[in-house]
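Engineer: On the provided structure of chain A, position chain B as indicated by the hints.
Which chain is which? The protein sequence lines are A and B, in order.
Counting with the numbering used here, you get residues 7 to 126 for the letters of the first sequence.
Counting with the numbering used here, you get residues 999 to 1413 for the letters of the second sequence.
Hints in this document: simulated from the structure, not taken from any laboratory.
Virtual Cβ for every residue (Gly too), placed ideally from N, Cα, C.
Heads up, some of the hints might be wrong.
Sample of chain B residues facing chain A (criterion: CB under 7 Å; computed from the structure) [as the list claims (entries may be wrong)]:
(1) Trp1004
(2) Ala1007
(3) His1011
(4) Leu1223
(5) Pro1227
(6) Gln1271
(7) Glu1274
(8) Leu1278
(9) Ala1299
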Amino acid sequence: MLYSFLIYEVPEVFESYSDEEKEQVMQKHRDLQAIAESKSTLCVAQLMPTSTAVTVRADHKSKPITLDGPFAETKELFMGIYAFDCGSLDEAIAYAEEISDPCHTIEVRPVKWAGGALAS
Amino acid sequence: MDPSRWFEAHFHHVRPRVIAALSRRFGDLDIAEEAFATACMKAVASWPDQGRPDEPVAWLIRAGSNAVLDAKRREATAGKYRDSVITDIDEGRQIDTDKLNIDSDELRDDVLRLLFVCCHRDLSVENQLALALKVVAGMRVAEIAAAFLVKEKAMERRITRAKKVVRDAAVPFETPSPAERLQRLKSVSLMLYLLFNEGWYASAGETALKQPLCEEAIRLARELLHLFPAISELMGLLALMLFHYAKRKARLDDKQQLLSLDEQNRQLWDRAQIGEAQSLMQKAQRHRTPSPYQIQAAIAAVHASAAHSRDTDWAEIRRLYDALLGFEPSPVIALNRAVATSRIDGPAAALLELDTLAARLVDYRWFHSLTAGLLSELSRPEEAIAAFDRALALGPTEPERQHMLGKIEELKKMR
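Looking at chain A on its own, in the form it has when it is part of the complex:
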């Protein structure tokens, strides 16, 4: 089954790390990316900070409006996603543990439908 790993940033923790600690976190991610790539079905993306975001919202009556910033006051900031094939939930959790770190929390969630590269 395809599993997604949704990564939520804990504000400022990563920034507070030394270069060495940052490198340790990055290395864990590079290792996971290598595993993900070997599985051929792959989606990897890191997003920019929410300050760069706009939100497009529509109701039934008028033309959609574009608002600055994320829609709601979100406490944990969504910052990136991995998605690839895992044999089981246990396997997926094991990968999440590999990249776990106080600077982000990881939601492991099965994929219901996938297009693009993931569909192949």
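Structural biologist: Coordinates of chain B only, in the frame set by chain A:
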């Protein structure tokens, strides 16, 4: 990671909001700072067992408020035993804090107010910055002192004096009118801009000491934009800071000398940060209310998008400097426009522009060094040497002096 580091990062992040709310409640910066410190200690003691609260900001405001009220009650009780003075501590208020609702609109105006109080016009710019760094950003006095190249004790005294000045600042706590809010945002934006510049335009030897100022300016600008997400001026300001800061790894050479944009290895520019700056600038441009920060960001964007300095779109840069002059007819901006002209139409055309600025920039050493450079390009060595001499008399830094003396030697061979 050491869990205390996690706490430290978290407290650093929420500090402006918590301090702002506590200052509203108690009307005093010292009390707010102390209460925040106590609240943080309580959090370190209780969060590991009880779990992080859903609303950490509200939790800390509550804990801080209770700490202040407890202390006041203790003082009052002690007083009562001593001389039977009846106190005015309001018991109802004490209970209230447990259910304290944090209104996010009120909180964002409180953060703005707190920063605005730091821009008090009776304080010098440097003291405004020092106060904001200490109270709002939570920088240690020793770090602030190092960044401003003064002794810790001296900085301590300046901050204490600055706090006295702002203590009686008549800045109301009521929700500001939209016009008043924009006015406050303007003052605070300017302070953050100056804070960034203080950190960025340092001499080569001081860049490491001054770098934290850039980081705090970026952090506070981010926080403010988070609280006021639709203010295009803040987007432009943050974009401008990020465009500059993205070049931090490229601006020093092996001998720790500052390099000009032309000389920098552009491979070392932080592309992710430039991308973020570009996104913010595009968001700001959608508002169609250009500000000087946004235009300066656009100028930085033109430089950032050139793979090599020879690919720079100088015509666009000159157009942007004209737009900037529309906001602020400053001779220094006109000088930068002349640099663009020299790249587009050549040194003779640029010299004509500089002639119109001579009277106003006679004491500005960059005016003379730029003039000298243009005269050298036009093979007019006598006049170029004279212009370098004028620049040398206006207190250049040591590397600048060496650079100019070298140029003069070359020019002497030309005559």
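Engineer: Work down the list of hints and note, for each, if the structure agrees.
Structural biologist: Verification of the hints:
The interface hint given for B:Trp1004 holds, since its Cβ lies 5 Å from the closest Cβ of chain A, which is under the 7 Å cut-off. About 4 Å separates the beta-carbon of B:Ala1007 from the nearest beta-carbon of chain A, less than 7 Å, and the hint is met. Evaluation of the B:His1011 hint against chain A yields a held restraint, the C-beta minimum of about 4 Å falling below 7 Å. The closest approach between the C-beta of B:Leu1223 and any C-beta of chain A is roughly 5 Å, which is under the 7 Å cut-off, so the hint is satisfied.
Because the closest C-beta pair between B:Pro1227 and chain A is about 3 Å apart, less than 7 Å, the hint holds. The beta carbon of B:Gln1271 comes no nearer than 10 Å to any beta carbon in chain A, farther than 7 Å, and the hint placing it at the interface is violated. A cut of 7 Å between beta carbons decides the hint on B:Glu1274: the least distance to chain A is about 5 Å, and the hint holds. Proximity of B:Leu1278 to chain A holds as hinted, the smallest CB-CB distance being about 6 Å (cut-off 7 Å).
Nearest Cβ of chain A to the Cβ of B:Ala1299: about 14 Å, over the 7 Å cut. The hint is violated.
In summary, the numbered hints that this structure violates are 6, 9.
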